[in-house]
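*Asks:* Based on the sequences and whatever the hints tell you, model everything.
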Amino acid sequence: MQILPYMQRHRQMICRSVLCIILFMLIGILIQWCIPSSSSFAFKGRLFYSGFALALSLFLWNYSRFYIGAFCLYTVIFLSSSLIPMLAGQHVERVEVTAAYLIGAALFLFFTDLLYISRHIRKKSVCHVLDGFLYVCLGVALLFPLLVWGYYAVSGHVLSATIVLTLFQTNGSESLAYLKSQNLFMWGGTFAALFFILIGSGCVLHRLKTPSCGYSKRIIYILSVLILAISGHTVVKATDYLPVRIATETKDALHQYKEYGKAKAQREGRLQQLQGLKITSDGGIFVLVIGESETRDHMGAYGYDRDTTPWMSEEAQKPEAILFRNAYSNHTHTVPVLTYALSEKNQYNDVPLEKAYSLIEIAKAAGYDTFWLSNQRKYGAWDTPVAEIASTAVHQVWLNERTGTHDIRSDYYDDALVQALPVLTNEKNALIVIHLMGCHGSYADRYPEEWKHYSGKSDVIDKYDNAIRYNDYVLQQLYEALKENPRFKGFVYFSDHGEDVEHNYGHEASKFTATMSHIPLFMVVSPSFQAERPQTVETLRSHRDSYWTNDLIYNVMTDLLGIDGVPGTDLDWDLASSQYSMTKDTLRTLHGKQTIQ
Numbered sequence: 000m001q002i003l004p005y006m007q008r009h010r011q012m013i014c015r016s017v018l019c020i021i022l023f024m025l026i027g028i029l030i031q032w033c034i035p036s037s038s039s040f041a042f043k044g045r046l047f048y049s050g051f052a053l054a055l056s057l058f059l060w061n062y063s064r065f066y067i068g069a070f071c072l073y074t075v076i077f078l079s080s081s082l083i084p085m086l087a088g089q090h091v092e093r094v095e096v097t098a099a100y101l102i103g104a105a106l107f108l109f110f111t112d113l114l115y116i117s118r119h120i121r122k123k124s125v126c127h128v129l130d131g132f133l134y135v136c137l138g139v140a141l142l143f144p145l146l147v148w149g150y151y152a153v154s155g156h157v158l159s160a161t162i163v164l165t166l167f168q169t170n171g172s173e174s175l176a177y178l179k180s181q182n183l184f185m186w187g188g189t190f191a192a193l194f195f196i197l198i199g200s201g202c203v204l205h206r207l208k209t210p211s212c213g214y215s216k217r218i219i220y221i222l223s224v225l226i227l228a229i230s231g232h233t234v235v236k237a238t239d240y241l242p243v244r245i246a247t248e249t250k251d252a253l254h255q256y257k258e259y260g261k262a263k264a265q266r267e268g269r270l271q272q273l274q275g276l277k278i279t280s281d282g283g284i285f286v287l288v289i290g291e292s293e294t295r296d297h298m299g300a301y302g303y304d305r306d307t308t309p310w311m312s313e314e315a316q317k318p319e320a321i322l323f324r325n326a327y328s329n330h331t332h333t334v335p336v337l338t339y340a341l342s343e344k345n346q347y348n349d350v351p352l353e354k355a356y357s358l359i360e361i362a363k364a365a366g367y368d369t370f371w372l373s374n375q376r377k378y379g380a381w382d383t384p385v386a387e388i389a390s391t392a393v394h395q396v397w398l399n400e401r402t403g404t405h406d407i408r409s410d411y412y413d414d415a416l417v418q419a420l421p422v423l424t425n426e427k428n429a430l431i432v433i434h435l436m437g438c439h440g441s442y443a444d445r446y447p448e449e450w451k452h453y454s455g456k457s458d459v460i461d462k463y464d465n466a467i468r469y470n471d472y473v474l475q476q477l478y479e480a481l482k483e484n485p486r487f488k489g490f491v492y493f494s495d496h497g498e499d500v501e502h503n504y505g506h507e508a509s510k511f512t513a514t515m516s517h518i519p520l521f522m523v524v525s526p527s528f529q530a531e532r533p534q535t536v537e538t539l540r541s542h543r544d545s546y547w548t549n550d551l552i553y554n555v556m557t558d559l560l561g562i563d564g565v566p567g568t569d570l571d572w573d574l575a576s577s578q579y580s581m582t583k584d585t586l587r588t589l590h591g592k593q594t595i596q
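Per numbering that gives the first Met the number 0, the sequence shown starts with residue 0, numbered consecutively.
Keep in mind that the hints were calculated from the coordinates and are not lab data.
Where hints are given, some of them may not hold.
Stated by the list, open to error - Calculated pairs, EDC-like style, for lysine to aspartate or glutamate (alpha carbon to alpha carbon, straight line, at most 20 Å):
hint : residue 1 : residue 2
1    : 277       : 569
2    : 277       : 531
3    : 510       : 314
4    : 427       : 563
5    : 456       : 296
6    : 482       : 569
7    : 317       : 544
8    : 43        : 239
9    : 427       : 281
10   : 236       : 251
11   : 583       : 531
12   : 592       : 368
13   : 456       : 306
14   : 363       : 353
15   : 482       : 296
16   : 482       : 281
17   : 317       : 569
18   : 427       : 353
19   : 317       : 306
20   : 583       : 306
21   : 451       : 461
22   : 592       : 92
23   : 354       : 569
24   : 592       : 281
25   : 482       : 314
26   : 482       : 239
27   : 456       : 304
Stated by the list, open to error - Pair by pair, the computed Cβ-Cβ distance ranges are:
hint : residue 1 : residue 2 : range
28   : 396       : 128       : 27 to 35 Å
29   : 142       : 32        : 26 to 34 Å
30   : 32        : 63        : 23 to 31 Å
31   : 394       : 131       : 35 to 43 Å
32   : 455       : 155       : 26 to 34 Å
C-beta: ideal position from N, C-alpha, C; glycine also.
*Replies:* Okay, structure coming up:
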């Protein structure tokens, strides 16, 4: 037996390797033990294998102190990013912290192993190119935790898939407007810090000296393959690491949105096959106005200390109007809100988004002429689910013809939508959906100069309140123009989500506050509708203080439209039904993640 003599000759190396494995595992377990969590300790097997890979790497790098220091620094940066949610008061699972610890170690071992191999290539030009490429790879990998830290530094909140999705759901103008409202010195300082950290990491790796090769090529290849296999497997399995989870959730959401668009033709085909989808009431002309970024907390009609909604406040006192006092948004970003609000999909059912029928599709299939009027940009209108919903309308008007991301101005103020209203002379039944620019930032861009009305509070609040007052005027103009039609039956207004201007948070979901979900819901029904359906009107009035989320607008609108046989209807979700049963305890926002407040 030659094993025993070999072990005796290399006793120091074996002891170092065993100690390395034990130490790596103990640190991983200690980190988990320090996390206040009821979950069990995670990835004990992967801790062992990663410790084994570290022992092999240290053996190749001859236990270089510089290498050990670089490894510890790299791993700590990854590990620290997983603890950011704790700084923001969020709950952190042990699996998330362990995943960060393992992926940081694994990425460093993976790329430095390749670096070790590349530096033993005899052709120096190839060696230098490979070294530079691996420096870049290690730097790019380091961007994941650094970006999480950077976002926390400038916002005080944790980066999430919702924030990343805004890059796909809106144009760059909104991002630019948001940046303008932030502390640019903080953003600049953060980016400068990230840049210098990346440069510094490259310099550290460049200074990393490769020890002279005292082993046969066969041993080097075997050890390198083992290191690559173990660390590569660890990286692939690190799905609980925050940036990886964000990327996965973003990918899944974008895929879901894309599938929704692809299924449009299939949905229309299924609608044609539906039996019994018909208008059982007298029908008529109904108007659904979608506001933008308006919180009821800044509306005079809801008790705000400024008279920002003189028309709505006055109108709400009339018998034909109903002001609902406890309406909430289902999310704080437009695309997630409207994909649910304008379809049968909601937070409380299991209908896949890509298979959900939209309100416009249902109305069109039942016999309503459908209109979509928007003052929003048509940027990205061909690949977002909201635009897919709009595209099913027979008549479409997009006032804002601007494209690109230079600014967030619109070609017209919202009152131009009044002139864009269709002339309805022959239509017996019509559904008109109007999407306002509303109170979207930048707030001062939402109203003409002469509508500057408020001063005395902060500049941003004064501008926001001016935008709300102008929005109230636009609603009045739309209503006055439409109610004159003899077939007019109902006017419904709700906002997609609110806005937190007091804290300058906008409507960013990662900074969620209750005011972001506080929205108006306002209805005006015609005398003819009241005469035709008095029980429905009475039921709506009885629910004016009921709690409600705007992903249920599909249910109440199909009821008002008088369509029978609608898929996805449930009287428990229908605010116009006496069977409506949703309460503050059962309702949610942020797509089920947050209770309403």
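*Asks:* Of all the hints numbered above, which does this structure not satisfy? Sort the numbers upward.
*Replies:* 3, 6, 11, 12, 15, 17, 18, 20, 24, 26, 28 and 31
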